[in-house]
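**Q** Sequence:
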Amino acid sequence: MILVGAPVGIYFSVRYLGALEKNYLKSGISIGLIWSVISVALDLVILLPMSGMPITQYFKEIGLRYLMIPMIMVGMGYLLENKV
Numbered sequence: 001m002i003l004v005g006a007p008v009g010i011y012f013s014v015r016y017l018g019a020l021e022k023n024y025l026k027s028g029i030s031i032g033l034i035w036s037v038i039s040v041a042l043d044l045v046i047l048l049p050m051s052g053m054p055i056t057q058y059f060k061e062i063g064l065r066y067l068m069i070p071m072i073m074v075g076m077g078y079l080l081e082n083k084v
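Reading the sequence shown from the start, the letters are residues 1 to 84 in my numbering.
Keep in mind that the hints were calculated from the coordinates and are not lab data.
Note that the structure is a prediction, hence the values are computed from the model and not measured.
Among these hints, one or two may not hold up.
What the hints assert, rightly or not - Restricting the straight-line Cα-Cα distance to at most 30 Å, the calculated cross-link-like pairs of lysine-lysine (DSS-like) are:
1. 83 with 22
2. 60 with 26
3. 83 with 26
To be verified - Using C-beta positions, here's what the derived DEER-type ranges look like:
4. 78 with 51: 34 to 40 Å
5. 21 with 75: 17 to 23 Å
6. 53 with 83: 38 to 44 Å
C-beta: ideal position from N, C-alpha, C; glycine also.
Construct the complete structure from the given sequences, taking the supplied hints into account.
**A** Below, the structure written as structure tokens:
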């Protein structure tokens, strides 16, 4: 999932941020947080009931990985905001 999700997420991040003319960092933070919340919510609604995994185990093994999304988006937004 990570090997497919990362390039797809980066592709859409580049497309989204590239279409903006300002507020790159603010948009990166917003979109990164929204995508993370949506990902965790979908997992909690679909994945957890199907797998029977306890929520603590989910966050240890899977959930914390979604923190990469806002990290990448904030990094991209910061770079675009401060480009020379």
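**Q** Each hint: holds or not?
**A** Results for each hint:
Among the hinted pairs, residue 83 with residue 22 is consistent with the structure: their alpha-carbon atoms are about 12 Å apart, no more than 30 Å. Taking the CA atoms of residue 60 and residue 26, the gap is near 28 Å; set against the 30 Å cutoff, the hint holds. Proximity of residue 83 to residue 26 is assessed by CA-CA distance (about 15 Å); at most 30 Å being required, the pair is judged to hold. Our hint of 34 to 40 Å for residue 78 and residue 51 holds, since their Cβ atoms are close to 36 Å apart.
Under the hint 17 to 23 Å, the C-beta atoms of residue 21 and residue 75, about 20 Å apart, fit the expected range. Between residue 53 and residue 83 the beta carbon distance is about 42 Å. The supplied range of 38 to 44 Å therefore holds.
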